[in-house]
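A.B. asks: So you can see what is in the structure, the chains are spelled out below.
There are 2 protein chains.
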Amino acid sequence: MSDSQQYIENKAQCARVAFYQLAQASSHDKNAALQRLADLILANQNAILQANQQDMQNAQAKGLDNAMLDRLQLNEKSLAAMCEGLHQIIALPDPIGEMDEFRLRPNGLRIGKMRVPLGVIGMIYESRPNVTVDAAALCLKSGNACILRGGSEAFHSNMALAKLIQQALHETGLPENAVCFVASTDRQHVGDMLQAVDLIDVIIPRGGKSLVSRISQESRVPVIKHLDGICHVYIDEFADKTKALNIAFNAKTSRYGTCNTMETLLIHTSRAAEILPQLADLYATKSVELRGCLKTRAILPHIQAASDEDWATEYLAPILSIKMVDNEDEAISHINQYGSHHTDSIVTENYTLANRFLRQVDSASVMVNVSTRFADGFEYGLGAEIGISTDKIHVRGPVGLHGLTSQKWIVLGDGQIRV
Amino acid sequence: MSDSQQYIENKAQCARVAFYQLAQASSHDKNAALQRLADLILANQNAILQANQQDMQNAQAKGLDNAMLDRLQLNEKSLAAMCEGLHQIIALPDPIGEMDEFRLRPNGLRIGKMRVPLGVIGMIYESRPNVTVDAAALCLKSGNACILRGGSEAFHSNMALAKLIQQALHETGLPENAVCFVASTDRQHVGDMLQAVDLIDVIIPRGGKSLVSRISQESRVPVIKHLDGICHVYIDEFADKTKALNIAFNAKTSRYGTCNTMETLLIHTSRAAEILPQLADLYATKSVELRGCLKTRAILPHIQAASDEDWATEYLAPILSIKMVDNEDEAISHINQYGSHHTDSIVTENYTLANRFLRQVDSASVMVNVSTRFADGFEYGLGAEIGISTDKIHVRGPVGLHGLTSQKWIVLGDGQIRV
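Going line by line, the protein sequences match chains A and B. The opening position of the first sequence corresponds to residue 1 in full-length UniProt numbering, with each subsequent residue numbered one higher. The opening position of the second sequence corresponds to residue 1 in full-length UniProt numbering, with each subsequent residue numbered one higher.
The following block holds chain A by itself, in its conformation from the complex (with noise of 0.2 Å):
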């Protein structure tokens, strides 16, 4: 066994322990240790700052991008934010231990199931330090002990972060080793983690495509991710014209970067004339290149031929392709095949239409008369969000508290014996 799988099983053996004294506290306790943390965070901004400073600075030497340097960086805002996550989850009622779907059996037996942790969790981010706080605290709060490996460019901020999260639940007299973290920048870290299977129960990665790519395809422990989010909205023969201009509008431009951006707009031919020109010169005040099939660009006719790939490609920018279709089916057949299965859309005022379209596309969230936007944990309700997932197993869509959790069945009897 090298070293670094020695690092990693230890880490995982001292959370396992950690995890097992977790089962035994009360949401009292768990709320208590992250409203110390919130305070511990609020008391020691300069050392938060300070170590903040440091990454900064070794990443504009090392000439990271703006971009990296904007998620990067805190200050006395994102502190502040970071403590308004905090009570959030604090305010969120705790899934542990909820017991539910009991049922008589003719033998007396009283069968039901009962919400648990899932154990260890071994989180896999990059560079944004409030992950570390994020996670330290829906992990805490759900009942599992976890493992959290920050990106090496965030390596001081992350530290100081963690040495107030320990600090928190020493205090409030939880196992310290609840929140592990692996404190050291060792790439070899991050692939023993992945074969960590028995050792960790999942691992949940944060961050780039390359990122997320790699780890889902290396890891033997299961993971919870999203890679693509290639969304669609569809504007149908029976959509409201203003609810489609507004929707179409919204969901491409109100942020070019997130996941729940829509990438490629469907249209049904008999609406395209009178709504897409109206459309392009909306896209045009904000500069969104256009990019269109064959009947597409026989109405908008300045605009680029959208290729294959197009439909395929999340572009995280300023780019909408657009596709026109005959009907329902051919769109939800568009978005079954080339979509990622993450958040789609239909514009119509046709109830049928409507339900089939709620019924047949195969993704994480699918809605009606409302931007893609709005796929996200917060605004669902379920407070914060440890990221999305466009698989089907365990959870789909934002994961919040309960994609955290299982359930485990109860069997309750007086003796019962099988014959």
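The reader is advised that the hints may include incorrect statements.
[As the list claims (entries may be wrong)] In silico EDC-like pairs for lysine to aspartate or glutamate, Cα to Cα no more than 20 Å straight-line:
id: 1; chain 1: B; residue 1: K408; chain 2: A; residue 2: E274
id: 2; chain 1: B; residue 1: K408; chain 2: A; residue 2: D376
id: 3; chain 1: B; residue 1: K209; chain 2: A; residue 2: D198
id: 4; chain 1: A; residue 1: K408; chain 2: B; residue 2: D376
id: 5; chain 1: B; residue 1: K209; chain 2: B; residue 2: E126
id: 6; chain 1: A; residue 1: K241; chain 2: A; residue 2: E274
Keep in mind that the hints were calculated from the coordinates and are not lab data. These figures come from a predicted structure and were not determined experimentally.
We have chain A already, so just place chain B on it with the hints.
C.D. replies: Using the frame of chain A, we list chain B on its own:
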């Protein structure tokens, strides 16, 4: 791409198309296909039994052991049981399309969940031909397409059943590719199924431990599985003696080869002298070999010593390890450390200790005053089960129709855009 990869990719793509077609099928359509299948099995008993006879002859020629032959053999009674299984699945409520947890958000959005199939399920199993019919029926009822790869020793039986399944689908207007068969005994196909990320959504292995273990190690597709059943009964300080004797005897001796059989008995020190000698007499009537810890052997001096390996062994045989513990914490720690997170039961009349056991034992099924032998899908009222999961991700314990589903988010709006 190898021929085998191409073969599996073609199957998976056909299954995917069928999966999307199935989204339009009503419960009535799916039940009609299952009913037709039951009728066809009864009407074609001779053809099935002839094919099975061929498998039996090949298996005997190859020198397969009696247990294998027993699992392989079909007769009129087992075919009737298959049909009875189909009728039970027909009678189950269809989980697909269920909508719940709808909440009204402050911005007027109504957000909830819809239960949906997983997609394309790959089943890899060994000798029992009845798995072919069970798996096809459970996947179809839950709206999933499936690719079935049975054991080579059951090839002719499976192909005879496959023909009827395809006929039933065809005659009732459902896509035949909703149930695909790997009609070849090429072992490479299994390997290629396990690599078919994005083509197959989940793999469910059914068979011996070596098969399941190999599959879960190799698979890049998520796997729902259980490996070991190291189940415990803990006789607590406050156990009712009669219940303790009945449960401990039943959990070990009602069947030896099942995964929910007790393999280790834990008993509180204060009750050992009173209960263990009587239990030993009971086990002696069934020639169960006992292996004990040091303290146990002070009371039962004639039995073997249990090693550390015993605590981690699933005997699947008339052997039982026994350990005395000083308190409930020690029992829970032992179970969480050495058990397989399958099924564990406490015998106690103490309310508080029962509740602590339920909360702190980290197993798929946790029981009070019940024989562990009840841990299966039929006993839990799920109808048929497609397997048991000792994992925590996605589904724990017996896996019925619900375990083959996921939930997507439904967002109902009225033109909302995000500011």
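A.B. asks: Run every hint past the structure and note whether it holds.
C.D. replies: Evaluated hints:
1. Restraint check for B/K408 and A/E274: not satisfied, since their Cα atoms lie roughly 33 Å apart, outside the 20 Å limit.
2. At roughly 13 Å between alpha-carbon atoms, B/K408 and A/D376 fall within 20 Å of each other, so this suggested pair holds.
3. Only pairs whose Cα atoms come within 20 Å are accepted, and B/K209 paired with A/D198 is accepted, the gap being roughly 17 Å.
4. Straight-line distance between C-alpha atoms of A/K408 and B/D376 comes to about 13 Å, which keeps the hinted pair within the 20 Å bound.
5. For the suggested pair B/K209 and B/E126, the alpha carbons sit about 11 Å apart, so the restraint of at most 20 Å is met.
6. Of the supplied pair hints, the one linking A/K241 and A/E274 holds, its CA atoms being roughly 9 Å apart against a limit of 20 Å.
Checked against the numbered hints given earlier, the structure breaks only hint 1 and satisfies all the rest.
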